[in-house]
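Listed here are the chains, written in short residue letters.
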Amino acid sequence: MARKLLLEHINVPDIHTFDVYRQKGGYRAVEKALKTLTPDEVVEEVKKSGLRGRGGAGFPTGMKWSFLAKPEGVARYLVCNADESEPGTFKDRYLMTHIPHALIEGMIVSSFALGAHTSYIYVRGEMMPQIRILERAIAEAKNAGFLGKNILGTGYDLELYVQPGGGAYICGEETALLESLEGKRGNPRIKPPFPAIAGLYGCPTVVNNVESIAATVPIINDGGDEYAKIGIGRSTGTKLISASGNLVRPGVYEIELGLPVEEFIYSDEWCGGIANGKRLKATVAGGSSVPVLPANLSLKLANGDPRLMSYESLSEGGFATGTMMGSGGFIAFDEDQCIVRNTWNFSRFYHHESCGQCSPCREGTGWMEKVLHRLEFGHGKMSDIDLLVDVSKKIEGNTICPLGDAAAWPVASAIRHFRDEFEWHVNEPVKSLDTNYGLANYAEPIAKAVSTEN
Amino acid sequence: MSDKVKVTIDGITVEVAPGTTILNAARQIGGDIVPPAMCYYSKLEGSGGKCRTCIVKVSKGSEKDPRPMPKLVASCRTTVMDGMEVQNITSPEVIEARSGVVEMLLINHPLDCPVCDQAGECDLQNLGYEHGLQKTRYEFERRTFERIDIGDKIQLHMNRCILCYRCVFTADQITNKRVHGILNRGDHSEISTYIQTAVDNDFSGNVIDVCPVGALTDKTFRFKNRVWFTKPIDAHRDCPTCSGKVTLWYKGEDVLRVTARKDIYGEVEEFICNTCRFDKKKTADWTIEHPTQISDTSVIASNHYDTLRPLPVIQDNARLQEANRVELEKTTKF
Chain A
1 MARKLLLEHI NVPDIHTFDV YRQKGGYRAV EKALKTLTPD EVVEEVKKSG
51 LRGRGGAGFP TGMKWSFLAK PEGVARYLVC NADESEPGTF KDRYLMTHIP
101 HALIEGMIVS SFALGAHTSY IYVRGEMMPQ IRILERAIAE AKNAGFLGKN
151 ILGTGYDLEL YVQPGGGAYI CGEETALLES LEGKRGNPRI KPPFPAIAGL
201 YGCPTVVNNV ESIAATVPII NDGGDEYAKI GIGRSTGTKL ISASGNLVRP
251 GVYEIELGLP VEEFIYSDEW CGGIANGKRL KATVAGGSSV PVLPANLSLK
301 LANGDPRLMS YESLSEGGFA TGTMMGSGGF IAFDEDQCIV RNTWNFSRFY
351 HHESCGQCSP CREGTGWMEK VLHRLEFGHG KMSDIDLLVD VSKKIEGNTI
401 CPLGDAAAWP VASAIRHFRD EFEWHVNEPV KSLDTNYGLA NYAEPIAKAV
451 STEN
Chain B
1001 MSDKVKVTID GITVEVAPGT TILNAARQIG GDIVPPAMCY YSKLEGSGGK
1051 CRTCIVKVSK GSEKDPRPMP KLVASCRTTV MDGMEVQNIT SPEVIEARSG
1101 VVEMLLINHP LDCPVCDQAG ECDLQNLGYE HGLQKTRYEF ERRTFERIDI
1151 GDKIQLHMNR CILCYRCVFT ADQITNKRVH GILNRGDHSE ISTYIQTAVD
1201 NDFSGNVIDV CPVGALTDKT FRFKNRVWFT KPIDAHRDCP TCSGKVTLWY
1251 KGEDVLRVTA RKDIYGEVEE FICNTCRFDK KKTADWTIEH PTQISDTSVI
1301 ASNHYDTLRP LPVIQDNARL QEANRVELEK TTKF
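Chains A and B, in that order, are what the protein sequence lines are. FYI, my numbering numbers position 408 of the first sequence as 408, with every residue one higher than the one before it. Quick note, my numbering runs 1000 ahead of the 1-based positions in the second sequence.
Read the hints as simulated data drawn from the structure, not as lab findings. One thing to keep in mind: the hints can contain errors.
[Said to hold, decoys possible] A partial selection of chain B residues facing chain A, derived with a Cβ cut-off under 10 angstroms:
| id | residue |
| --- | --- |
| 1 | 1055 |
| 2 | 1071 |
| 3 | 1099 |
| 4 | 1108 |
A quick note: this is a predicted structure, and the numbers were derived from the prediction, not measured. All C-beta atoms in this analysis are idealised placements derived from N, C-alpha and C, irrespective of residue type, glycine included.
Isolated chain A (complex conformation):
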């Protein structure tokens, strides 16, 4: 049985209440950090742990914390990004629903490390039940003396607030989140300045994902070195994966980074294989923003080695043959799924969620969506495929925030790996409406797949 750090007690009845959580060893990290460590030592532990941001970019959390500007007499803020809205990702919601205190405890430890006395949890507006759960958990923690003035008699003050989000995917981008938290329209800010210098209300701010913050609890409990032993290479620790799609047992899994993708999909301990005895056609390894991969490249690297669930292994081979860890939204497609339709669906999402601030993303996402719609519904032309590649190239890298890249990558990668399926949609406009292209050669052993691509 693999090691669990975040979800260890997930099946304990009433773990969402303070008393049960405390009985199971909860809030030990707060006691340890506040009573025996200095803020800098906490940051040092997190640095040693090698924890990388769990929200998508995978930036080392300890490093992010050490960049925080600390001018005298200026407030610093910690903001927890719980605006989880990436299609295919639902791990944070799961964590907040079932063990809200893990997040609260992590918030206290992290705020202490950063010297923040007011911290915010920005929760996606649609997650109203989770907002109530968190507010209740905060009230419980406050009653027990873990929040408020003079926590545990150590003289450290912290107020924790939950803010319902504005209901937009873009508010999950850290600077848009800060704008929204300030009560403005959630448009991403132009960087620099980065939030570590001028964030919320112009003060130095750290924005972290729910899972990153919760992961500081086991790091403090067991020590950064101990945490770094789990995982593989620079991908340390455990990661929550939201598995969805045509799997026998979809759901949220906590894996040790470095688990082979093949084992994750087919092992009975994890997803248990593809549902209904079908075969795997493609995967999206890290939420809708990351490149989609055909089955052969999902399971194996281009050189034939097994692909592992880690930041490095998933991105091995760059965008030509690799993808990204992203936020851990693992979507599996079986042989009956249509990649064109799926790409159109993702594209429709980004078109709907673009904030409209910068031109390439505002106009380009809509354009891609319209072209893909045409392809999917039998009105496509052969030139549309290259047009899509060209439009995605013109969006990628030319926008204010990463939403432009996130919109461009799935389209570009789908065409890169599944061009013949797009061509089939053009050649068979009627047939493609009610039949599927099928598995084709997408699951064939890797050496052959690579040679046909070249």
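Fit chain B to the supplied structure of chain A, relying on the hints for placement.
Only chain B this time, still in chain A's reference frame:
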């Protein structure tokens, strides 16, 4: 450490004050290497970074850290570092990305220049001439908006808008209350007011001048004339609310339009009040100064040559003069 930093743009080195943006450093050099700016406006704080037409390549970050920047950057919002090397028109990558942005700006633009009052002094038109394609690759119905009436002085054509946010910043920073803003999201974002005919402020007319396209135009000038048939004259009056320094646009004896004075980048020198802009349309109201300098390349200059001045190359080359004889004669005749 000296208080000036050195930056090289397309091979031309200039010394500028620290904190200057790449765009403003390029403007200090001037000429063709100045990136186009659709949303940045030097008089409006916080503007810029949105339209992405001013993107440039930073091929060397600074003297201390010579690594190039990984992506193209918006020159209007990126400050220069000592020793920075920037490529604008010398980089094919920048030109390609810029034409991509122009294409994006135009796919949903109505292209109704023949009936647009901004035609002739429109930044998007200029940009389109320079970078646009001959033919659109966009084969869908263009996006349109419900028309709304924002007031009796200013005409809003949302279909033409490129969402530069300049008018929002203007209303925030020049007037004492902003009543319009951006509604909705993505490609359905629009400049709007919740309550119609609500824009009514002494300085609200300035949104017309800052608008780079024909989305906000002067209702008192609407369909009166094409700008290239009018003749701009600088004039001033003693105005209690603003500087009173304006440009009058004459057609014959009549003042058709009053605007603020604009510099070579199309930015106003001083904002003017609505009284000067909309209500003082008689020559008697103004002290005339002199004809406004208009760039030779502008279409507005096209109807205003007094004497024929052949290009320098034609002037001293008899063979070229001979080759252009028909054209030269034609001009003399008119």
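>> Would the hint on residue 1071 of chain B be counted as holding, given a Cβ-Cβ threshold of 10 angstroms to chain A?
In response: holds, 5 angstroms
>> Interface hint check: residue 1108 of chain B, Cβ to nearest Cβ on chain A, cutoff 10 angstroms. Holds or violated?
In response: holds, 6 angstroms
> Does the CB of residue 1055 of chain B sit less than 10 angstroms away from some CB of chain A?
Replying inline: holds, 6 angstroms
> Going by Cβ atoms only, is residue 1099 of chain B closer than 10 angstroms to chain A?
Replying inline: holds, 9 angstroms
Comparing the model with each earlier hint shows no violations; every hint is respected.
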